[in-house]
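2 protein chains.
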Amino acid sequence: MSQLPVPPALLDDLARVDEIILERVRPRLAVIRAAGEHILTSGGKRIRAALTLLSAQLGEYNLERVLHSAAAVELIHAASLVHDDLVDQAARRRGEVTVHTRWDGDVALMVGDYFFALAAAEMALAPDPRIIGYFSRGVMTICEGELSPVVNVAPLNIALEQYLYKIGCKTAALFEAGCKAGMVCGGGTTEQIETLGRFGYDLGLAFQIVDDVLDYVGDAQTLGKPAGNDLREGTITLPLIYAVEASGNNELAAVIDLAAPDETRVQWAIAEARRLGATDRALADAQRYTERALEHLAGFPDSPARQALGDIAHFVIARVS
Amino acid sequence: MSQLPVPPALLDDLARVDEIILERVRPRLAVIRAAGEHILTSGGKRIRAALTLLSAQLGEYNLERVLHSAAAVELIHAASLVHDDLVDQAARRRGEVTVHTRWDGDVALMVGDYFFALAAAEMALAPDPRIIGYFSRGVMTICEGELSPVVNVAPLNIALEQYLYKIGCKTAALFEAGCKAGMVCGGGTTEQIETLGRFGYDLGLAFQIVDDVLDYVGDAQTLGKPAGNDLREGTITLPLIYAVEASGNNELAAVIDLAAPDETRVQWAIAEARRLGATDRALADAQRYTERALEHLAGFPDSPARQALGDIAHFVIARVS
Numbered sequence: 001m002s003q004l005p006v007p008p009a010l011l012d013d014l015a016r017v018d019e020i021i022l023e024r025v026r027p028r029l030a031v032i033r034a035a036g037e038h039i040l041t042s043g044g045k046r047i048r049a050a051l052t053l054l055s056a057q058l059g060e061y062n063l064e065r066v067l068h069s070a071a072a073v074e075l076i077h078a079a080s081l082v083h084d085d086l087v088d089q090a091a092r093r094r095g096e097v098t099v100h101t102r103w104d105g106d107v108a109l110m111v112g113d114y115f116f117a118l119a120a121a122e123m124a125l126a127p128d129p130r131i132i133g134y135f136s137r138g139v140m141t142i143c144e145g146e147l148s149p150v151v152n153v154a155p156l157n158i159a160l161e162q163y164l165y166k167i168g169c170k171t172a173a174l175f176e177a178g179c180k181a182g183m184v185c186g187g188g189t190t191e192q193i194e195t196l197g198r199f200g201y202d203l204g205l206a207f208q209i210v211d212d213v214l215d216y217v218g219d220a221q222t223l224g225k226p227a228g229n230d231l232r233e234g235t236i237t238l239p240l241i242y243a244v245e246a247s248g249n250n251e252l253a254a255v256i257d258l259a260a261p262d263e264t265r266v267q268w269a270i271a272e273a274r275r276l277g278a279t280d281r282a283l284a285d286a287q288r289y290t291e292r293a294l295e296h297l298a299g300f301p302d303s304p305a306r307q308a309l310g311d312i313a314h315f316v317i318a319r320v321s
Numbered sequence: 001m002s003q004l005p006v007p008p009a010l011l012d013d014l015a016r017v018d019e020i021i022l023e024r025v026r027p028r029l030a031v032i033r034a035a036g037e038h039i040l041t042s043g044g045k046r047i048r049a050a051l052t053l054l055s056a057q058l059g060e061y062n063l064e065r066v067l068h069s070a071a072a073v074e075l076i077h078a079a080s081l082v083h084d085d086l087v088d089q090a091a092r093r094r095g096e097v098t099v100h101t102r103w104d105g106d107v108a109l110m111v112g113d114y115f116f117a118l119a120a121a122e123m124a125l126a127p128d129p130r131i132i133g134y135f136s137r138g139v140m141t142i143c144e145g146e147l148s149p150v151v152n153v154a155p156l157n158i159a160l161e162q163y164l165y166k167i168g169c170k171t172a173a174l175f176e177a178g179c180k181a182g183m184v185c186g187g188g189t190t191e192q193i194e195t196l197g198r199f200g201y202d203l204g205l206a207f208q209i210v211d212d213v214l215d216y217v218g219d220a221q222t223l224g225k226p227a228g229n230d231l232r233e234g235t236i237t238l239p240l241i242y243a244v245e246a247s248g249n250n251e252l253a254a255v256i257d258l259a260a261p262d263e264t265r266v267q268w269a270i271a272e273a274r275r276l277g278a279t280d281r282a283l284a285d286a287q288r289y290t291e292r293a294l295e296h297l298a299g300f301p302d303s304p305a306r307q308a309l310g311d312i313a314h315f316v317i318a319r320v321s
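Chains F and P, in that order, are what the protein sequence lines are.
Each residue of the first sequence is one higher than the one before, counting from 1 in my numbering.
Each residue of the second sequence is one higher than the one before, counting from 1 in my numbering.
Hints listed in this document are in silico derivations from the structure and should not be mistaken for laboratory results.
Just so you know, even glycine gets a beta-carbon here, dropped at the ideal spot from N, CA and C.
Please note: incorrect hints may appear among the correct ones.
Quick partial rundown of chain F residues pointing at chain P, CB under 7 angstroms, derived from the structure [unchecked claim]:
hint : residue
1    : Leu-22
2    : Val-25
3    : Pro-27
4    : Leu-29
5    : Leu-109
6    : Met-110
7    : Tyr-114
8    : Pro-129
9    : Cys-143
10   : Glu-146
11   : Ile-312
Bound conformation, chain F alone (with noise of 0.2 angstroms):
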């Protein structure tokens, strides 16, 4: 299931961890299960999972002790998608049509409250009284950052502070504190915990500023959604943040004020951020982020854990080029 770049005992922790979850997904009603058994099984890569199991592996690994954590953060992750999806109106998630669409809005809200009380539920089986403090403030920041719009494509300094806050409320928040989980689950100190907790933020700003930049450069094969999709929904990331600043005019800024622009249209303004380097940009920012990630782990010591979420950084990194 998973493509990550993960030791092979580490796929066996991931599987038993797939199996907590949809053995925990047998509600009464059927439509619940089926569409809670919809988004679990449509292709997730579980990375937020690989991350907290390997936190764990950098102190004193314990499955158990840590499953539950691992659990928690991919259903936090699916509920925040299904609402997600259902606030956007998107109709497609990783090729797969989303659950608003395919059943309706109400099942939508109703299966990401189901998801959100399975994650309380796991927490609640976590060893330390911490995680669920670490999961409830990263749900209450993917709330914030879901009503907190970029607006603004211009000035450069503004765009990016709204960019910036959006994706860290929306994804980074949850890496870190899936991070944060793994090492308090391994025994680690304060210090640590704070430590990996930087290392999952910066890795979550580089993890969604690459899906951003896919957006302009990916195919819809891979995508498992059209490209060029945000500008179709107005939506504003750094790739155009970057194309309006070096086009240096309106044109561009134009497109995503247009309800529905015509497919010419977006295709040129994705032509234009690709020639304009604004995509290259972008992911040089994603680089940076990824090393900043990478600096906060060279303080644990060598391991295979401690490589392996080296490797998951990179991974990050290597899903555009």
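Chain F is fixed; fit chain P onto it per the hints.
Then chain P, alone, in the frame of chain F:
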């Protein structure tokens, strides 16, 4: 704030619960703060928090131990109301405009999620891991109920089964969870916890039946929304089920099948339900569930807390007479 018939000391403790909740709703994002305060200050009775605190008082009462469970039960209730109003597209609740009406659906979705996360953070502060289990199961049950409408108004046995399942999920499960959590905080035995859970469940059934009867016999001012709301929205509740049974024909059942029944039809159906004794019959059921709830209390030694729980049970019924 509370019009519950509870001892003055409990009102002080409920005020502490309210402080905790309002203190927690301090997100950076103004819209979540505003929407959160809107729902939390719009006149709830905090009956769930009162039940949780009083349940703890049946054992060894320590406010600090049970405070977070009482806050959690109200936060979960608030979250589920916001999402329920979104599913129902209800314009008003307790006389106030609903969150999705005043702001929009995305805000309602995220404020609900935010509250669920706040509840999880509160549960993490509770003294026993079973508590989070009760509450997360309660949320899952609410989700299942939300997607399980009463679809048959007849035959009676089918309609009753659907209705009791629905209100069990929607209301009784969280009453049950709150009572069990309180009893755990009070150091109750497993048997006491289960017994008090059944008290809460039966009281929850009575509470919801009375709510549904009020929609037929109350006036707009006490309801905070126009009477006949359920009929207008095509929602089948106990008074209608009994009215259809008593009328022996399909005229009443036809009203809820209308996309938008005119006001004359709604008022006629309300009058018929009362004339046919359907509201009285529903109330008698509520009375019966209340008595069953009180029987569960009988095994506990007499105490001011047991007395107060009994008073709340009688209050639940008295709301309608």
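How the hints compare with the structure:
1. Leu-22: violated, 16 angstroms
2. Val-25: violated, 10 angstroms
3. Pro-27: Holds: closest Cβ of chain P sits about 6 angstroms from Pro-27/F, inside 7 angstroms.
4. Leu-29: At about 5 angstroms, which falls below the 7 angstroms cut-off, the nearest Cβ of chain P leaves the hint on Leu-29/F intact, so it holds.
5. Leu-109: holds, 6 angstroms
6. Met-110: OK, holds: Met-110/F within 7 angstroms of chain P, min 4 angstroms.
7. Tyr-114: Since the shortest Cβ distance to chain P is 4 angstroms, the answer is holds.
8. Pro-129: Where the cut-off is 7 angstroms and the nearest Cβ of chain P is about 5 angstroms from Pro-129/F, the hint holds.
9. Cys-143: holds, 4 angstroms
10. Glu-146: Because about 5 angstroms separates Glu-146/F from the closest Cβ in chain P, which is inside the 7 angstroms limit, the hint holds.
11. Ile-312: violated, 26 angstroms
In the structure shown, a violation is registered for the earlier hints numbered 1, 2, 11, in ascending order.
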